[in-house]
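Asker: In case you want the letters, here they are:
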Amino acid sequence: MPDATGLELLAKELRESEGVEAILGTLHFRGRATLEVKPRNIRAVLARLRERGYTSMMSVHGVDYYPHEPRLGVHYELLDMSKVDRVTVMLRVPTEAPEVDSVTHAGPDGPGWPTADHQEREVYDMFGVEFSGHPDMRRILMPEDYEGHPQRRDFPVGGEPVIFTHSEHESSGVRR
Amino acid sequence: MTVTEKQMSDYRRREESITLSQVEQSTEATHEELLTLNFGPHHPATHGVLRLLVTLQGEVVRSIKPVIGYVHTGIEKTAEDKAYWKVIPVVERMDYLSYYFNAMAYCGAVETLAEVEVPKRAQYLRVIHLELNRIASHLIWLGTSALDLGAVSIFLYCLRERELVLDLFEMSSGARMHTRYFQVGGVMEDIPVGFAEKVREFTKVMPARADQYGAILNANQIVLQRLRGTCPLDADTLLGLGVTGPLLRAAGNPWDLRKAAPYSSYDDFDFKIPVGTVGDNYDRFAVRVAEIYESVKIIDQALDGLPEGPHITTDRKVALPPRHELATSMEALIHHFKLVTEGFRVPPGEVYYPIESPRGELACFVRSDGSSKPARVHMRDPSFVNLQALSHMAEGSYIADMIATLAMLDPILGGIDR
Amino acid sequence: MEIKREPLPPGVRPTGQGRGSGEIDASALRVNKHDSKELLRGAELLGPTAPASMDGEELERYVHERVLTTTLEKAVAWGRSNSFFPLAFGLACCAMEQFQTAGPRMDIARFGFEAFRASPRQADLIILAGRVSIKMAPIIRRLYDQMLEPKWAISMGACCSSMGVFNNYALVPADKFMPIDVHVPGCPPRPESLMHGILKLRKLVQEDPDAGWRERYDARGTEEIGRADRTVPGA
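Residue numbers (this note's numbering), protein chains in the order written: chain A, 1 to 176; chain B, 1001 to 1418; chain C, 2001 to 2235.
So that you can see chain A by itself, here it is in the shape it has in the complex:
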């Protein structure tokens, strides 16, 4: 992981190349370097990081920051194999406007990250973040016609009521 100063330098360079509002903040916690970017600039920032050596995207996953707004976050974990260096890029979108550019496909700003294909579908399925430009934006884990985004914090865990002897009659069961 780049240490705290390295992270700040990285953020400074990215601000210079992408614009000051592109990088909303940095966080260095327990050895993990995180850059928070504006959702609009995600593809450009990732392309710049790829040029600096972070060529592998290891994970794309979503987080629900309920009750802090904007709620839905997407984390991109990047890895530099030659230097064994990891950096995380995160963005946050509100539930009302959860659109983010997909980083899967190749575009004018460089080749895409094909590994994000299924992973962005999972973030869509579980959180509802819509990735525009994704080649196949469908639900991946839940049934296609499922309503709701299960991993959001306000989605109930669900499940069956536990049947105790005193509540046996309320539950459906085999008629003997």
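In case anyone wonders, no lab produced these hints; they're calculated from the structure. Fair warning: there could be bad hints in the mix.
Claimed, not checked - Estimated spans, in silico, between C-beta atoms of each pair:
| id | chain 1 | residue 1 | chain 2 | residue 2 | range |
| --- | --- | --- | --- | --- | --- |
| 1 | B | S1329 | A | S17 | 38 to 46 Å |
| 2 | B | E1395 | A | G25 | 41 to 49 Å |
| 3 | B | I1216 | A | L24 | 36 to 44 Å |
| 4 | A | G107 | B | E1331 | 22 to 30 Å |
| 5 | A | P67 | B | E1331 | 52 to 60 Å |
Unchecked claim - Straight-line Cα separation of at most 20 Å, DMTMM-like style, residue types lysine to aspartate or glutamate; simulated pairs:
| id | chain 1 | residue 1 | chain 2 | residue 2 |
| --- | --- | --- | --- | --- |
| 6 | B | K1082 | A | D154 |
| 7 | B | K1272 | B | D1304 |
| 8 | B | K1259 | A | D85 |
| 9 | A | K83 | B | D1267 |
| 10 | B | K1259 | A | D80 |
We put the CB at the ideal spot given by N, CA and C, even for glycine.
Given chain A, put chains B and C in place with the hints provided.
Answerer: Relative to the frame of chain A, chains B and C by itself:
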């Protein structure tokens, strides 16, 4: 058949999108049509409930579309509902062949967040169990892959070896699978007397048995013809797809987190990383079999150098106090009570902890909001990402090669679907 | 070693396998009209129920029909129970323990059940090994429907019997969509546990061949094929 765009089913639409012009035109064929075959979730050759929509031109695979989610268990959602300690059994059941690895990734993440130090003895015990689990996982992979290729007896031999490993797990923790042996801060219990001897008996026997499998499979013409030269994929494409683990190593890239970013005292051990050359199915097979030998070496070294010391961190705010203290010490009683009822609190923050599982990079992302339950647990499962490589590998090859490739890919649907 | 066998005191039912091998009292047949199955199970002879007494040829024909049919049923049940063809169906972690049950140590072939069939048309026992998610439930139901009668189902493990470790939105307990004969607890159950469950099913089939799911769920009359007096709606 004239149908409007709207009436065309999804399969037909995809079939229409594949132009036959890029495909060899046989002079005898008068009417060629693409066939979409459904390798349903219930199929003896898919490793678990994986559904593949395979579009075939004759016997040649033109496109593969995997459909997953048939064993989606909502593990990550369940984990948000439980105290940190109670998440360990839930998360263990994700990648159900490498259960110790799931627990290791999660415990490592929580230990990083809570800044808990794991004693050296616990680290060595963890390594022993992780490598034993790696051997067990590779044995099932070998057995089921050989079953797919037609070699049924290898399946039973591998199950016989796996029984030995499960006996060792039962000896150390009481359960064969999903043992909850790894806890935050170390391991649940110290190993019993006689465990080290039994493990050494196993490590003495295992290389010879692995030689036997090699002798059967490497000399078998059918296996060699089905695996050699089929479905190769180069390392750059694999890296773009995020594939790690034995698949990447078979293509020539020696990336292994045990060597690159050692965790849990892996840098104390001397072992090699098997790397392939061509990246075809045979290399994937050979890399995994070679990893079994290396794991045996690691276990031997860990047993030789097993240090004395506590088996779990002495930080009573995180780990349960030993039972004998409960009778005499008030603080121990209070700690025990707090840990069992509410659980320990973890300072707020996010952490991503990667380890090397038998299938690739397994990482756990934990977000804590300061309470006793995690706010988000995400397991970056290697099989989920590796599955994207299947269509790149198998398109253009025969359907039988696709089966062999799927076997060599080693997907575990529990990890894919979580 | 001398094994002393004593006859059972009167009024005591022999238990265990081969329950139906009690002696038939011919005089009882004359007095009461019993269901022969009850008789064969050694049920107590109750007071006079049906007074119609049969003699001679009629009685012989009666005995011949009922007894032979029931003995045949018993033989068929014995055959069925000793040769289950399980469906090769593993969902999750329990499937790994199912493999171990078929492995060399806890050899399922000892009992004759090693022929795991891939096609549901050829199998008569479905062992639900693993957690059933909501996406998979209709597929399992379809598989179960494709199996031919008589068929049995074992729910292996805690996840499909109850919800197991994961009581959440994504799972369905197997009882909700298909009839299960034996539930095997465990997470995952040891091969010995699974074997115990299968042997329990075997005993169930041997002793009570009619206690299939259609009886338990009161579903007699819901078969869709093979009955001339029912018309399939819409056909």
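Asker: Taking the hints in turn, state whether each one holds.
Answerer: The hints, checked one at a time:
no.: 1; hint: B/S1329 x A/S17: 38 to 46 Å; verdict: 59 Å, violated
no.: 2; hint: B/E1395 x A/G25: 41 to 49 Å; verdict: 43 Å, holds
no.: 3; hint: B/I1216 x A/L24: 36 to 44 Å; verdict: 59 Å, violated
no.: 4; hint: A/G107 x B/E1331: 22 to 30 Å; verdict: 60 Å, violated
no.: 5; hint: A/P67 x B/E1331: 52 to 60 Å; verdict: 36 Å, violated
no.: 6; hint: B/K1082 x A/D154; verdict: 16 Å, holds
no.: 7; hint: B/K1272 x B/D1304; verdict: 18 Å, holds
no.: 8; hint: B/K1259 x A/D85; verdict: 14 Å, holds
no.: 9; hint: A/K83 x B/D1267; verdict: 17 Å, holds
no.: 10; hint: B/K1259 x A/D80; verdict: 15 Å, holds
When each numbered hint is compared with the structure, violations occur for hints 1, 3, 4, 5.
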